[in-house]
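2 protein chains.
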Amino acid sequence: MNFADKLIAAVQKKGNPICVGLDPRLEQIPASIVKKITDKKGMTKEAAAECFLEFNKGIIDAVSDIVPVVKPQIAFYEQYGFQGVWAFEETCKYAQSKGLIVIADAKRNDIGSTAEGYSRAFLGDVEMFGTKAKGLDADALTVTPYLGYDGVKPFIEDCKKFGKGIFVLVKTSNRSSGELQDQDIFGEKVSKEFAQDEHMRVYELMAHYVESWGADEVGESGYSSVGAVVGATYPAQAEVLRRLMPQAIFLVPGYGAQGGGASDVKPCFNKDGLGAVVNSSRGIIFAYEDKEKYGPDGYADAAKEACLDMKEDLKEAGIC
Amino acid sequence: MNFADKLIAAVQKKGNPICVGLDPRLEQIPASIVKKITDKKGMTKEAAAECFLEFNKGIIDAVSDIVPVVKPQIAFYEQYGFQGVWAFEETCKYAQSKGLIVIADAKRNDIGSTAEGYSRAFLGDVEMFGTKAKGLDADALTVTPYLGYDGVKPFIEDCKKFGKGIFVLVKTSNRSSGELQDQDIFGEKVSKEFAQDEHMRVYELMAHYVESWGADEVGESGYSSVGAVVGATYPAQAEVLRRLMPQAIFLVPGYGAQGGGASDVKPCFNKDGLGAVVNSSRGIIFAYEDKEKYGPDGYADAAKEACLDMKEDLKEAGIC
Chain A
1 MNFADKLIAA VQKKGNPICV GLDPRLEQIP ASIVKKITDK KGMTKEAAAE
51 CFLEFNKGII DAVSDIVPVV KPQIAFYEQY GFQGVWAFEE TCKYAQSKGL
101 IVIADAKRND IGSTAEGYSR AFLGDVEMFG TKAKGLDADA LTVTPYLGYD
151 GVKPFIEDCK KFGKGIFVLV KTSNRSSGEL QDQDIFGEKV SKEFAQDEHM
201 RVYELMAHYV ESWGADEVGE SGYSSVGAVV GATYPAQAEV LRRLMPQAIF
251 LVPGYGAQGG GASDVKPCFN KDGLGAVVNS SRGIIFAYED KEKYGPDGYA
301 DAAKEACLDM KEDLKEAGIC
Chain B
1 MNFADKLIAA VQKKGNPICV GLDPRLEQIP ASIVKKITDK KGMTKEAAAE
51 CFLEFNKGII DAVSDIVPVV KPQIAFYEQY GFQGVWAFEE TCKYAQSKGL
101 IVIADAKRND IGSTAEGYSR AFLGDVEMFG TKAKGLDADA LTVTPYLGYD
151 GVKPFIEDCK KFGKGIFVLV KTSNRSSGEL QDQDIFGEKV SKEFAQDEHM
201 RVYELMAHYV ESWGADEVGE SGYSSVGAVV GATYPAQAEV LRRLMPQAIF
251 LVPGYGAQGG GASDVKPCFN KDGLGAVVNS SRGIIFAYED KEKYGPDGYA
301 DAAKEACLDM KEDLKEAGIC
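Residue numbers (the working numbering), protein chains in the order written: chain A, 1 to 320; chain B, 1 to 320.
Watch out, some of these pointers could steer you wrong.
[As the list claims (entries may be wrong)] Keeping only pairs whose Cα atoms sit at most 30 Å apart, straight-line, the calculated DSSO-like set for lysine-lysine is:
hint, chain 1, residue 1, chain 2, residue 2
1, B, Lys293, B, Lys36
2, A, Lys14, A, Lys161
3, A, Lys93, B, Lys40
4, A, Lys40, B, Lys93
5, A, Lys36, B, Lys134
6, A, Lys134, B, Lys45
7, A, Lys45, B, Lys160
8, A, Lys134, B, Lys40
[To be verified] Away from chain A, derived, C-beta distances all over 10 Å, residues of chain B:
hint, residue
9, Glu220
10, Asp272
11, Leu274
Hints were generated in silico from the structure; no laboratory data involved.
Every residue, glycine too, gets a C-beta built ideally from N, C-alpha and C.
Start from the sequences and build out the full structure, keeping to the hints where you can.
Shown next as structure tokens:
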């Protein structure tokens with residue numbers, strides 16, 4: 001099944017477009033989990049990895065009936081070496097076993113022959129002594145487009161082949177994203193290729209690329225499996241990008257801890273109320289730190305309440 | 001010690017700027033290694049990882065007296081999951097134990113708080129239950145600059161703190177690199193920031209960023225620990241970039257299998273004969289496929305000869 005159709009169906013079934021970012025930080029894992037695991041494994045990378053997995057399972061169990069998508073960010077896991085990557089893999093598998101769609105947030109990028117390796121790693125099949133084996137088999141992956149189409153194509157081919165999706169960075173949520181992404185580009189090349197304004201921002205150029213790269217991956221929902229990352233912190237740009245990429249699903253970081261509110265994410269949606277998933281990481285998984293009634297051991301219940309709060313917040317803005 | 005000084009000293013000691021790309025592919029690992037390991041471990045990801053490590057150790061033993069630098073590309077390892085990442089880590093450690101400088105080629109990128117995670121993972125210290133532990137502790141890391149300075153800053157801070165280096169993608173070796181990197185940018189923002197031409201290419205803008213980001217990391221050699229990736233396949237652009245980034249060390253992929261020759265990489269060097277390291281992956285590690293006298297079991301000797309051939313090739317072009 002086409003990834004976009006699967007994602008849209010999941011959003012409709014759950015009645016909201018929330019993506020929970022599974023970005024664990026060791027210093028914020030509840031002490032009871034840490035004690036139980038370090039008593040057995042010592043203060044090791046293996047113990048850190050097991051703490052992450054146990055913490056994540058608690059979150060997943062609490063939110064899997066409410067939200068359609070989770071997005072583990074692999075940097076947090078890679079810190080703990082191959083043991084951390086093990087926890088990342090197990091987290092993805094556990095989330096999928098609970099019916100959640102998993103977006104691996106790894107922002108991979110390289111030249112074609114190497115991008116093929118990343119694509120096999122996260123989305124496709126890997127060579128296994130003359131046969132094939134599954135890689136991580138996530139549902140989707142984030143991808144950085146600095147190298148142009150031939151660095152993105154291997155991922156798109158695996159989207160087609162295995163029913164997977166990608167989200168290409170277009171306009172990111174961070175403060176200095178404009179240093180490259182907001183530059184005005186000018187000249188023959190752009191106007192010839194797109195036959196429109198001679199003048200556009202880099203993020204608009206990338207939007208045109210994303211829309212054209214994904215044109216063959218549009219499913220029955222009308223959305224493409226080639227989506228875009230568009231930060232909640234730039235609502236005016238999101239409005240432009242929504243028009244430039246009518247068929248792309250937006251993965252929207254920046255809600256909550258990074259400062260984006262429900263009204264800021266609204267321009268990321270189409271008139272059909274679809275077309276975006278909104279991520280919140282710290283604001284959900286570490287909600288126990290702000291919701292005193294729960295305490296550390298109630299972190300999963302606090303996360304569940306934070307999801308319901310977020311759903312309400314989006315609903316009030318007319319999003320779901 | 002400043003990374004740039006360490007790298008320049010290693011290049012001078014070995015008398016060449018060759019970087020061996022450790023990008024193993026399971027289907028090209030000699031049958032004798034595969035048999036020995038799969039007999040014990042079966043046709044598993046663990047076996048694939050062990051094949052990679054044993055293969056790499058053979059290459060490293062053969063080339064460590066000749067070349068100054070190796071560059072394992074993590075995509076090839078990530079295909080085999082956490083077991084593959086284990087092989088990547090062990091490869092880096094083994095190469096360092098043989099006196100080689102290790103550039104982890106992972107092209108990481110994200111917003112600041114997540115980039116901190118990647119930087120800790122590859123270059124710095126990680127949180128370990130209230131104390132600190134080393135991450136991978138590579139000597140340097142490749143970084144993709146699509147998110148601007150706040151996504152690169154955490155890496156630069158770890159360069160300063162731990163004597164590490166980064167290589168920022170500027171102009172990549174692949175065919176479609178120009179789709180973004182060659183765009184003409186125009187307007188107030190660029191001219192105000194750099195007080196020069198109103199018109200420049202994206203790769204020129206990135207070069208200005210790299211030179212300014214690395215200004216505080218210049219060592220006694222006159223080179224900065226913030227370097228740039230500049231493909232051997234674009235010699236004319238390399239010439240411009242060499243002028244724009246006099247203090248940056250260039251990491252130059254694209255020699256050999258990708259089509260770049262010694263004359264193509266020459267513009268990447270400064271007049272002092274320094275300022276670049278030239279990578280070759282397939283052309284060295286799988287040299288046994290072209291050098292029939294060696295055969296698969298002589299892969300390490302074939303790699304050694306390929307390094308000596310490359311050194312000769314660079315020497316003839318007046319590079320070393």
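We went through each hint and held it up to the structure:
no. : hint                 : verdict
1   : B/Lys293 <-> B/Lys36 : holds (23 Å)
2   : A/Lys14 <-> A/Lys161 : holds (27 Å)
3   : A/Lys93 <-> B/Lys40  : holds (27 Å)
4   : A/Lys40 <-> B/Lys93  : holds (27 Å)
5   : A/Lys36 <-> B/Lys134 : holds (24 Å)
6   : A/Lys134 <-> B/Lys45 : holds (10 Å)
7   : A/Lys45 <-> B/Lys160 : holds (25 Å)
8   : A/Lys134 <-> B/Lys40 : holds (22 Å)
9   : Glu220               : holds (30 Å)
10  : Asp272               : holds (29 Å)
11  : Leu274               : holds (26 Å)
Every hint from the earlier list agrees with this structure, and none is contradicted.
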